Every structure is written in C-alpha cells, then in structure tokens.
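Chemist: Residue strings, one per chain:
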Amino acid sequence: GENVEQHPSTLSVQEGDSAVIKCTYSDSASNYFPWYKQELGKGPQLIIDIRSNVGEKKDQRIAVTLNKTAKHFSLHITETQPEDSAVYFCAASTISNFGNEKLTFGTGTRLTIIP
Amino acid sequence: DVKVTQSSRYLVKRTGEKVFLECVQDMDHENMFWYRQDPGLGLRLIYFSYDVKMKEKGDIPEGYSVSREKKERFSLILESASTNQTSMYLCASSLGGLPYEQYFGPGTRLTVT
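Chain order of the listed sequences is R and E.
With the numbering used here applied, the first sequence covers 1 to 115.
With the numbering used here applied, the second sequence covers 116 to 228.
Treat the hints as calculated values from the structure; they're not laboratory data.
Please note that a few of the clues may not be correct.
Below 27 Å or equal to it, Euclidean Cα-Cα: the simulated DSSO-like pairs (lysine-lysine) are [claimed, not checked]:
(1) 133(E) / 168(E)
(2) 71(R) / 172(E)
(3) 168(E) / 118(E)
(4) 42(R) / 170(E)
Just the calculated beta-carbon pair ranges, DEER-fashion [claimed, not checked]:
(5) 78(R) / 167(E): 39 to 49 Å
(6) 124(E) / 8(R): 27 to 37 Å
(7) 99(R) / 177(E): 18 to 28 Å
(8) 154(E) / 79(R): 24 to 34 Å
(9) 135(E) / 56(R): 37 to 47 Å
(10) 15(R) / 197(E): 15 to 25 Å
(11) 141(E) / 62(R): 23 to 33 Å
Reference excerpt, derived from the structure (chain R facing chain E, CB under 7 Å, subset only) [to be verified]:
(12) 28
(13) 29
(14) 32
(15) 42
(16) 43
(17) 44
(18) 46
(19) 93
(20) 96
(21) 98
(22) 99
(23) 101
(24) 105
(25) 107
Note that the structure is a prediction, hence the values are computed from the model and not measured.
Glycine included, every Cβ here is placed at the ideal spot set by N, Cα and C.
Let's have the full structure, built from the sequences with the hints guiding it.
Modeler: What follows is the structure, given as structure tokens:
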C-alpha cells in the first residue's frame, strides 16, 4: 500500500521567516496531494491541494510544489505569522482494493512560530 | 457552512464495553471516513464508506466495525473496547468520484480504562 513520509516532525521558525515541510510517497499512481492544518482542539482543515497534472500551486502566502518523478511534494509558507502555529499533515490519494479513492496521511509536523 | 458533527468530544469507557461513536454530516456527501489519530503516527484510516450500506476496510480495521444506514450518518463501533484503543477518533466526509477535500469533525477523545 501507499506510504507517505513527512519531515520534519517539529519545526520552529521566527515570525516573518519561511517554513518548508516535505513529504515523499511511494505509490506512483497517486494523483492528488492535499495539505491539512490542525489547530488545537479542532479537526484538520484543508489549506491547499495539488493534482498531478500541475507542478506548483500558490494561494497567498502558501504554496505547494510537486515532483512526480521523484515522488515528493512540499508545503511552503512565507512571511509566517503566529496564527500559522499548528500541526500540518500531508496526504496522498490512493485507490483501494475495491477501486475507491482514499487518502494516506503523513505523520504530521508541529510548526511553532516564534514572535 | 459545511458541518461534520461527532456525538461526543470526550468519552471514558471500561475495558470490554461496547462503544458507539456517531458522526453526522449535512453536506449530502457520498463518502465518509473514520480515522484515529495518535502522536507520532498521524491519521490512520480505520474504515470508510462510499455509499449507504457500503463499507470498506482501511489500514487498521481490526477491533472495529462500522454502520451506515443513512447517507448523513456513519457510526464506528468498538465491539469490546481495549486499552490500546484509547485515542482521538476523527470522522470526515467528502464528495464521491475524484478525490476531493475531506471535511473533518472536531474529534472524540476516547479513553479506555
């Protein structure tokens, strides 16, 4: 089955600096790669996603890059702010044994923004 | 505003008890999912359902079962709770077909003593 590895597990960044979180996946058939943000006491929430026909996608201070050849994708947050402090999860889509779409998640990165 | 609700935020049960976790979504989504979240292990898929009365095992189904009698409701059942099932349980829903955004509930923190 799919294996998604995420690094680093913790990341501390000075406010205003950039943060980068990296993920690798194993299933070459994966074609959808979302990133979720989980704030304390809440469920994860989608912040950005990318499909395999695109190499990069931006949404204001957040960007995701995808390298299908190397099977890795990354989340970039620029001009970090205190409200960016949270746990971030990457995920990759896979096809189940019965042909249904599901997500495999990475192990998460706890991002702390230092004021 | 889309919404996924879970029946309890916190639950404490004893070993051997039968436990029901309920999830309701109001978005008319075809797909519903149950995950458990443990420190250092991320989110792991227990079971999912792609239609009413249809279900499929995820990556860690042992010790769990599910029920989906209505489109909006997806239940996770622990037939005989054990201490290693102490965890945060998250429910999610999404549209069917292509992989789409999953909307998560706030989670149920289950403690089995």
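Chemist: Compare the structure with each hint and give your call.
Modeler: Against the structure, the hints:
1. 133(E) / 168(E): holds, 21 Å
2. 71(R) / 172(E): Given pair residue 71(R), residue 172(E) holds - Cα atoms ~26 Å apart, limit 27 Å.
3. 168(E) / 118(E): holds, 22 Å
4. 42(R) / 170(E): holds, 26 Å
5. 78(R) / 167(E): 39 to 49 Å: At roughly 44 Å between Cβ atoms, residue 167(E) and residue 78(R) fall inside 39 to 49 Å, so the hint holds.
6. 124(E) / 8(R): 27 to 37 Å: Between residue 124(E) and residue 8(R), where Cβ atoms are some 30 Å apart, the hint holds.
7. 99(R) / 177(E): 18 to 28 Å: Holds, at about 23 Å.
8. 154(E) / 79(R): 24 to 34 Å: holds, 29 Å
9. 135(E) / 56(R): 37 to 47 Å: holds, 44 Å
10. 15(R) / 197(E): 15 to 25 Å: The hinted range 15 to 25 Å is violated for residue 15(R) and residue 197(E), with Cβ atoms some 44 Å apart.
11. 141(E) / 62(R): 23 to 33 Å: holds, 28 Å
12. 28: violated, 16 Å
13. 29: Check failed: Cβ of residue 29(R) comes no nearer than 12 Å to chain E, outside 7 Å.
14. 32: It holds, given that the least Cβ distance between residue 32(R) and chain E is near 4 Å, below 7 Å.
15. 42: Holds: closest Cβ of chain E sits about 6 Å from residue 42(R), inside 7 Å.
16. 43: Result: holds, 3 Å to nearest chain E Cβ.
17. 44: Holds, because the Cβ-Cβ distance from residue 44(R) to chain E comes to roughly 5 Å (cut-off 7 Å).
18. 46: With Cβ-Cβ at 5 Å, under 7 Å, it holds.
19. 93: holds, 4 Å
20. 96: Since the shortest Cβ distance to chain E is 6 Å, the answer is holds.
21. 98: Given a least distance of 6 Å, the restraint on residue 98(R) holds.
22. 99: Given a least distance of 10 Å, the restraint on residue 99(R) is violated.
23. 101: Holds - the Cβ of residue 101(R) comes within 7 Å of chain E, reaching about 4 Å at its closest.
24. 105: holds, 4 Å
25. 107: holds, 4 Å
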